[in-house]
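Undergrad: Join the two chains into one complex using the hints; note that each chain is given alone, in its own frame.
If you're matching them up, the sequences are chains B and D in order. If you count the first sequence from 1, you need to add 199 to reach this note's numbering. If you count the second sequence from 1, you need to add 143 to reach this note's numbering.
Bear in mind the hints are in silico, worked out from the structure with no lab data behind them. If a hint is listed, it holds; no wrong ones were tucked in.
Over the 12 Å line for every Cβ pair with chain B, so calculated as not near, a few chain D residues: (1) Arg269; (2) Leu283; (3) Arg308; (4) Gly334; (5) Arg335; (6) Ala426; (7) Val563.
Only some residues are given here: those of chain D computed to face chain B with a beta carbon under 8 Å: (8) His168; (9) Gly170; (10) Leu173; (11) Glu185; (12) Gly191; (13) Ala198; (14) Ile204; (15) Asp208; (16) Thr210; (17) Ser226; (18) Ser230; (19) Gly231.
Each residue gets a CB set at the ideal place from its N, CA and C atoms; glycine is no exception.
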Amino acid sequence: MTALATTLERIVGPTHVLARPASLLAYRSDALPGHRVMPALAVMPGTREELIAVMRALAEDGTPYVARGAGTGLSGGALADGVVLLALHRLRRIIQIDPVARTATVEPGVVNATLTRAVAAHRLHYAPDPSSQTACTIGGNIAENAGGPHCLKYGVTLNHVIRATVVLPSGEVVQLDRGDASASASASSAGYDLLGAFVGSEGCFGVVADVTVRLTPDPERVITLLADFMSVRSAANATSRIIAAGIVPAALELMDQATIEAVESSVYAAGYPRDAAAVLLAEVDGAAAGLDDDVRAIEALCLESGARSVRIAHDPAERTRLWLGRKKAFGAMGRVAPHLVVQDAVVPRTALADLLEDIQAIGVKHRLRVCNVFHAGDGNLHPNIPYDADDADESARVHKAMKEIMTRCIDAGGTITGEHGVGLDKLPYMEALFTPDTLDAMCSLRSVFDPTRRSNPGKVVPVRSCREWHATPAARV
Amino acid sequence: MTGTALPIAQSPLAEARAGLDRCVHCGFCLPACPTYLALDDENDSPRGRLLLMGALLEGSISPDDATIGRHFDQCLGCRGCESACPSGVPYGELIEATRATLATHRPLPFVARFILSVFAELWLLRPVLAAARVVRASGLARLVARVLPARMGMPFAMLASTARRVAPGYDPATVRLASTDDTHHMDVHRGRAALLTGCVMESLFTDVNRATERTLAVNGWQLCEAGDQVCCGALHAHAGDPETARTLARTNIAAFEQSGADVIVMNSAGCGAMCREYGHLLADDPAWAARANRFGAKVRDVSELLAEAGPRQPASVPGRATTTVTYDAPCHLQHAQRITAPPLRVLAALPSTTLVPLTDSDQCCGSAGIFNLVRPEVAERVLDPKLARIAESGATVVATGNPGCLMQIGGGLVLAGSSVVARHPVELLDMAYARAARAD
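Pulled out of the complex, with its shape left as it was, chain D reads as follows (with noise of 0.2 Å):
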């Protein structure tokens, strides 16, 4: 990944400069940006970036130059500028272009590396997570979280903060709806729907995946299997390693196409960008571009289609507390995706819930794929504004559909000492769903 250097004039960033012209330098992306706010230097705003691109173009900064590398490493990806910009400066599309031509000139940090080629590769992936599923059920990870210096105990504390009771089964026909007029639930056929399981969900976040399943099923999706999907490639493209995200690619999508699904779904917001982009992605490889496009347009959140379908809301349990639920936009969702109410119809739909507002909850936590693991001190700022807005917000739970932020929030909550527990909305519209049909 790290091949000859290529000449600035040839690079990806210069196949992407139209975007850049979009940029009057307004400057109404600055409070959208979690670095700008956290490190207080234009350099790490999108303007200050877009400036820099601007001036690698030009040849009046070299790509070999440290201090300003570090700056656009230093961009989390989050997309909130796209969400602010008025003239539509496609964003993440020039910083992976500007990382992939940086790649070219310099190594990516040893940590990154090492990350992105086990998550290239199943069969290093997999024992991986698997060891990490053993130091999580033992329980050293939340003593070691509490033992290490902050900053080192994060990892573990991400990894506990994924631990969950096992959730029994429930057969999704037997869930008593809050309406009656709801009966024959079960009759309805939206569609065939096939998940992109995905590397941490399915390894780190399993009762997750059989939450999204089921909570789809109730809700009148029939779920086939794409059996020899692999990591959707984000984690790679974003770090400035298009050509691996490219292969994955071209893997997921002949396996999604043996399927026969209807729809992709999602219930990673990381993963539901990406695969949403791979048109993009494989637009220059003429056998794959057709078949990118149409991948692309069948993919779906699992809120999208839980959204659809109402979601159907289970019936109440007499006597139940009412718990605090506050909602955490994921940067992919909201910005990348651009899917704001479904989430919140999600949780609008759960039994004796409050429903309280977060503030920022726009703003990046800070988790921005492997960002966390490779800038611990710059991800670190990030997370303690949204922790406090948490905090203030009187929640119990704060929901939010993405594994980085599950485990980012999670962690840091973890850390904090704190009672309150970072949750999937499906997951909490899976419990209400196995509460409804236990009570029968």
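Chain B on its own, in the form it takes in the complex (with noise of 0.2 Å):
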């Protein structure tokens, strides 16, 4: 390793390589550190023909290799075991912003959070907003395809990736394209949509290097209302109610009591009631003629499944606050207790409420508390167990418990992950979910982006599933 450090100091300066153990410690995990590995060294590029050496030498040496954005991912994407550890964070120029076309161009290491506010002047934003928003970056949440509270009503990363540059794991950079910018998300130009493909695929198929994302103007109107339920299963069927009554909400946000108090404990309180068994965050926007009959009927609807109050966000303030006691919600478990594991299961909506209860069911169980924080409106579930890694019998009864809830979840003909990735945490489940052929299939698809799995090797597919990879034993890892 010590040439090639040599090498990549070259390209991108000495403090901009990290290969001291004690200087690496940081970068063992992502925001799920429950999953902790040792990166051989760490390597920064600056620019984006850093970038580029970084890659082809690497490619060179053949040595495989793990990007990383902010280290806020949730499914140990981003962990390199005894591999290169390729940080993109300093990549972080906003190349261009076309406000008449509504596009930007970035480099991958920009915050989500900060491109909406370099854009905000021309009433535009970036939709897909998950809660991590004011520190991950557009490379992670493609990497990911991210999802966010507001992804109901506008869609996911890959809804808003129009075209990206990508250097793959040999070096080559290539521009992927999905039409130019006017044409809608769903068109896409001639030929397979490789950027659908590559939108996603967490950093197996190779590096962004820069990505035209598609802008969202600003609603006209926006009505945040917070209703609260004296049981988690009276919140759930009101959301599966709102979504059969035909309405788009832009959010649709479900937390429980556990959550909750977490929240107002916090720098965070957003004046969630704490008695409440769960509340129910809607937001509705657009333009504003109409909207007042869709909040009119979320609140009927609300109140009819057993609501106990609703309360509408009278002005910007309040609805900022309600927002940030949602998104900051993860990060507050650790008030519950040291360590935590978090969950990113979907579900079909409407059997939301009787998974609720065995999910809580499984925590009785197991002795443990299971808060739940999640995106009912598309069913998508983050049941978070806060918990003492140092107790190896309470450590024991959390994965029992996971490995449970996720079973639960398959079989309720839900899905392992909607928008943390599959990464190292759910592997386990892969060979569950999908048939060898699928497996297989997966790993063909890899092979067209990345022939020598060198890129964030260990992710995604098991390995011992892949029987293409078997075949190929000239592979490292």
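TA: Here it is in structure tokens:
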């Protein structure tokens, strides 16, 4: 590794290559520190040219690598186990903003919320809004095909990416394009939608050097409601009824009592009622006309489903507070216990109420506290279990409970990830979800971009289930 | 202060360990950290440093490791991360505990030791600051700042930026107010207030201290003195020398008890944050813990006291041109004391003034106590974006309520040849009162 480190230092400068184990400790994990592995070294290119040169040097050396943005991922996807960690957070130039075409071209290390702030003067925003948006990077969002509360109405990252310059693991630079900016999200140019395949490939297909994304006009009007319920079931039922009524809220989020308690104790206290079993945070936006009808309908459906009260945010400050509480809820779990696991299953919305009760029962059975905070409108669950990793017995119970919860979600017709990605954390569930043939097809697709399997090795598809992999003994991990 | 090396298990860091467990590693602190943004290494971020603290406790890194020590040294202590942390990690406490732990293993840098020892001893501090005033008055500071290369010139530019035309005093009773309903303002007695005059404030910002007293008087506060007060000890506590900080704290507690004040007024955000934490600092000293808590509970920033009283709005002077003012929040006001609205209310009371927002006003300017003197290269990289945002704001005055920030931003503006000046909010209010009194 020493010769490679010297080469990389020559490209990016000595301060941007970390090789001492003590200096690499901070890069052992992402935001799910239950998974911790040591990179062999970390390299942090500061320009596009440096990035390409680094990728070529790695290819020449045949060394596997893992790209990392801000390390806010929740699946262990950006962990480099004894290989090179390619940190992209220094590539944070906003290259171009085109308010007329409503696009922006940015480098991968640009922070999601920074992009929105940069275009706010044009009354535009970047719609995908993962809860970590104040810290996470656009590059990471593309790798994970990140979602967020407002994806219910506006779609996930995939729907907002128009074009990307990608450095393939071989060091080759390619343009992936899905037609011009004015084309609708679903229209693609001739040929296969390779950009569509790339977005959400969890860093296994290459690295983004720059990306052009769609910007969304700020809605004319936004109304945010907070409904509080005496049971989680009635909040889940309200969710199903709102969607069934044909309303498309901009966001529809559910938080249970344990989550409310953590948030209300934090600097992000939003004024959620601490004695509620669950709250539903709903938002409608768009043209001012007709919006009040949606609000009245949501209010009525919540009350009919058993809401104790429905409150409407009366100014932007209150709206911001209600949202900050929701978005920082994951971080606030540190108040409950020192460690945390979080899952990301997606289930049919109609099964939500039953599933939430089953999840609660699984928690009780294993003597664990399950906190739920999730995108109810999408049926995208995020059960959080705070625990103490130093307690071996509790850790074992957490592991069992998570496995049971995931199995239950799969059995209900759900899937294992909505927006966090498979990474390392959900690898064990891939074989329960897909047939060997399907997993094989995924490996074949990967081979198109990364024939030597050097990009984010060991993630997404379990190595043992990839038959083609075994047929290529030369591949190194 | 660099006594025998303590085993990690008995270190101040080990005592503060519970705070570390609160971190869930979410990374929401990264964009709030000026050194992460300036240095681009997660080891220079709050999340990274917390992880390194954990590794120190585990024994997986050595307290003698110079590279790791540098990451702790490079923390500004701005506590911007605390305002961003959903889990409430007490980062300020943890970094101080870490520094106190490391200080037993390796000496502080020479510059830091020198400055701290000067601040700990009045007989040393007074002549040093007096000499600084002479250099400033001679105009030499500004001259030297221009001649020297930027980094070496900065201390002189900082000094030059503290120069003021001496404001003539005025009788608080003669100040004409904007509202005619508010004529008997001197009759209201809000209570007795004693000012922590501070070391840097009283020497280099003498006028700000007088302005503080006058504006409080206009707003119904009766001033009283705490004669035997000393440095608040903030610089020492932040640098890893809590023992000297405790000695200074005890002297101050006794001095202010003598004064009979109802409230202890701060016009330096850094001192205010420290004084509020005397209870924590002396928690293990049974003779002083209760007295320290009582002291801490009486601490108020001057902007809080003024905002509580309105503040009283001075009458505008006809024909006076409008000034554009922006506000930069001192970290130790915004993050450590969570005081955000009162300084803006003080500025809102100024006649003929347009208040414009400053982007990233909650980000540190790089002053951070003596940080800019000990780590000028990092301080400079943190200051650059601040100066750029100030220029973009279009303001001609940037208001901020802390001597360190006034000098860091002021010095930066001097070096950049900018016509923008840095002023304490209280100075601006005082000048407006003075004009309203003179116009009588």
